[in-house]
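S.K.: Work out the full structure: start from the sequences and follow the hints.
Going down the list, the protein sequences come from chains A and B.
Under this note's numbering, the letters of the first sequence match residues 1 to 331, in that order.
Under this note's numbering, the letters of the second sequence match residues 1 to 331, in that order.
Since the hints were made in silico from the structure, they are not lab data.
Hints are not guaranteed to be accurate.
Which copy is meant is left open, so a pair is good if it fits within one copy or across any two.
Listed below are the simulated EDC-like cross-link pairs for lysine to aspartate or glutamate, each with C-alpha atoms no more than 20 Å apart in a straight line [to be verified]: (1) K226 to E299; (2) K226 to E236; (3) K6 to E296; (4) K69 to D188.
Small disclaimer: the values here were computed from a predicted structure and weren't measured.
Number of protein chains: 2
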Amino acid sequence: MILSDKIKGYILSNGLITPGEKVIIGVSGGPDSITLAHILFKLQYDLDIQLHIAHFNHNLRKGSKADQKFVEELAVKLNIPFSTDSWENADAIKKGSIEELARDQRLVFFKKVAKQQGTRTIALAHTEDDLAETVLMRILRGAGLNGIRGMLPKRKVNGLTFIRPFLGLSRKEIESYINKNKLLFKIDPTNNQSIFYRNKIRLNLLPLIEKQYSPNIKHLLSNLSKNISADFDYLEIQTEKAFKKHAQISKNNNCIKFELDELQKQHTAIKRMLLRSSIEYLKGNTNRLTLKHMQEIEELILKGPNKAIVNLPGNIIIQKSQKLLSIEHNT
Amino acid sequence: MILSDKIKGYILSNGLITPGEKVIIGVSGGPDSITLAHILFKLQYDLDIQLHIAHFNHNLRKGSKADQKFVEELAVKLNIPFSTDSWENADAIKKGSIEELARDQRLVFFKKVAKQQGTRTIALAHTEDDLAETVLMRILRGAGLNGIRGMLPKRKVNGLTFIRPFLGLSRKEIESYINKNKLLFKIDPTNNQSIFYRNKIRLNLLPLIEKQYSPNIKHLLSNLSKNISADFDYLEIQTEKAFKKHAQISKNNNCIKFELDELQKQHTAIKRMLLRSSIEYLKGNTNRLTLKHMQEIEELILKGPNKAIVNLPGNIIIQKSQKLLSIEHNT
Chain A
1 MILSDKIKGY
11 ILSNGLITPG
21 EKVIIGVSGG
31 PDSITLAHIL
41 FKLQYDLDIQ
51 LHIAHFNHNL
61 RKGSKADQKF
71 VEELAVKLNI
81 PFSTDSWENA
91 DAIKKGSIEE
101 LARDQRLVFF
111 KKVAKQQGTR
121 TIALAHTEDD
131 LAETVLMRIL
141 RGAGLNGIRG
151 MLPKRKVNGL
161 TFIRPFLGLS
171 RKEIESYINK
181 NKLLFKIDPT
191 NNQSIFYRNK
201 IRLNLLPLIE
211 KQYSPNIKHL
221 LSNLSKNISA
231 DFDYLEIQTE
241 KAFKKHAQIS
251 KNNNCIKFEL
261 DELQKQHTAI
271 KRMLLRSSIE
281 YLKGNTNRLT
291 LKHMQEIEEL
301 ILKGPNKAIV
311 NLPGNIIIQK
321 SQKLLSIEHN
331 T
Chain B
1 MILSDKIKGY
11 ILSNGLITPG
21 EKVIIGVSGG
31 PDSITLAHIL
41 FKLQYDLDIQ
51 LHIAHFNHNL
61 RKGSKADQKF
71 VEELAVKLNI
81 PFSTDSWENA
91 DAIKKGSIEE
101 LARDQRLVFF
111 KKVAKQQGTR
121 TIALAHTEDD
131 LAETVLMRIL
141 RGAGLNGIRG
151 MLPKRKVNGL
161 TFIRPFLGLS
171 RKEIESYINK
181 NKLLFKIDPT
191 NNQSIFYRNK
201 IRLNLLPLIE
211 KQYSPNIKHL
221 LSNLSKNISA
231 DFDYLEIQTE
241 KAFKKHAQIS
251 KNNNCIKFEL
261 DELQKQHTAI
271 KRMLLRSSIE
281 YLKGNTNRLT
291 LKHMQEIEEL
301 ILKGPNKAIV
311 NLPGNIIIQK
321 SQKLLSIEHN
331 T
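M.R.: Below, the structure is given as structure tokens:
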């Protein structure tokens, strides 16, 4: 099958794009995103969409300026409007995960472009290989259901809708498309060094597992993630219902209380997700929250004396009183 | 902490044993099950339980007769009643997975001993290491939520209750207990050969991951499995409710029908589990049922014409009619 037909089918069957929509394509300049730009360019009239190319220059290595130029030239060649920006303070970062900060900066950029262009849809070129790497990485770093569901073909984040039309595609299929169509692309040199964790998994661990343990591992991991997405989605819906019904949110949004009785009645799975949701509501994320913390809170609910407290990462304090459990965010 | 105290705590907090109960200990003769026999022997009055040792000789290698004798001698030494049996037809097995058949044979043996002893509780010596291996193996072979929840501390199977008091214990803790108490045990020589899949994972892949990617991997996999157990349990309860409400079971138990309308109303996660449950109800297992099959059935429900059929492994036929979806087991 022609690749563009396959992608068209994937976009339609997963409801990724509505006719008339404007789609911003995130293009790094690598083979995956270059192929995505070319394929969406081919499909634009068929799908009735307008295109816009966006490139964010992270400024983290020497060739990044050249990559920016390269993507701009591609946009001119394809006659697709183009936005770009660069991260000027990358050098100044002293602590924290640079990878995470770079991702945040890119998100800010995407938001700006989306606002300027009057759309919410950003297309990214993640493949089945990326999905498999992500799932395996999260398993190795420790994850629950939320973590291993991996990337979704369509996901709303902070008012943006990220779509991933290539999630059913292998990197090999992209390579053969690139070769057949003699497309030019830029290779990120850090991609070939086993320095970073993801690259180590991509270049060493996954090939080893493919060769010696499970030739089909990428497909299996991507299936696992798809399966789990549905399960997690259901749990999320049930949790939202319970949250709306039982969470008592303080006026200044820094404290959530639950009746202990009501919490006890919930199934462990829902109880844990209610606690996670509350923490996410209060501090914006559940970073560094582990199963052990969850078990401490459950212990508190079951056996803790009146006024007993559990302290959690990120200044979250959980306190049990006679009839209530309160989750407070101290800033 | 003394190991027997730790195990006592685990048994009590997980509600594994009721006072007055008789517990059959499955003892292979390896270090884990020998330790389990010794620890439960120490705790028998404390926990108020009666013990019985059971050994099944799979007859698959030379030393198996000696292991059987060894376990019998241990039972005599500890003054614990003993049952044993051996698999006489192991040689005749031509096709199928010998591992799976051996497990089935052992289950038959456990059922017989449990009936004779008037109990349902069988204690097995699986450790956190075994759990981690199982989860990783299932990920590598392809699994959904059901597969990766791994082994549970307490699980009912076919009228038996398997308990695993060592699931919070590492193999290292057992080794140090064995050394300290100078316990004798038998080593299964096939355990040290990287021939079988599980052993390859135990002896090669897990140590490699521990060394190069995730020093804490066993604990993380066991946490993942614990987390997912709760989620799966919740989904199972919700599915059971929906099954009781909507499944129309034929008199001779070979066909289950659902109103298409009702099936459509269910969330994808529950819909898939309803279909899995139906197949399990009809043929006793869901072996070889993949995500792709599930997607085919979902496609059938959504777009299949009247009388359209999907054939599944194990003689299961799914048919769509005007208002019903029928799942039939042809034997």
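S.K.: Check each numbered hint from earlier against the structure, then list the numbers of those it violates in ascending order.
M.R.: Nothing - there is no hint that the structure violates, so all of them hold.
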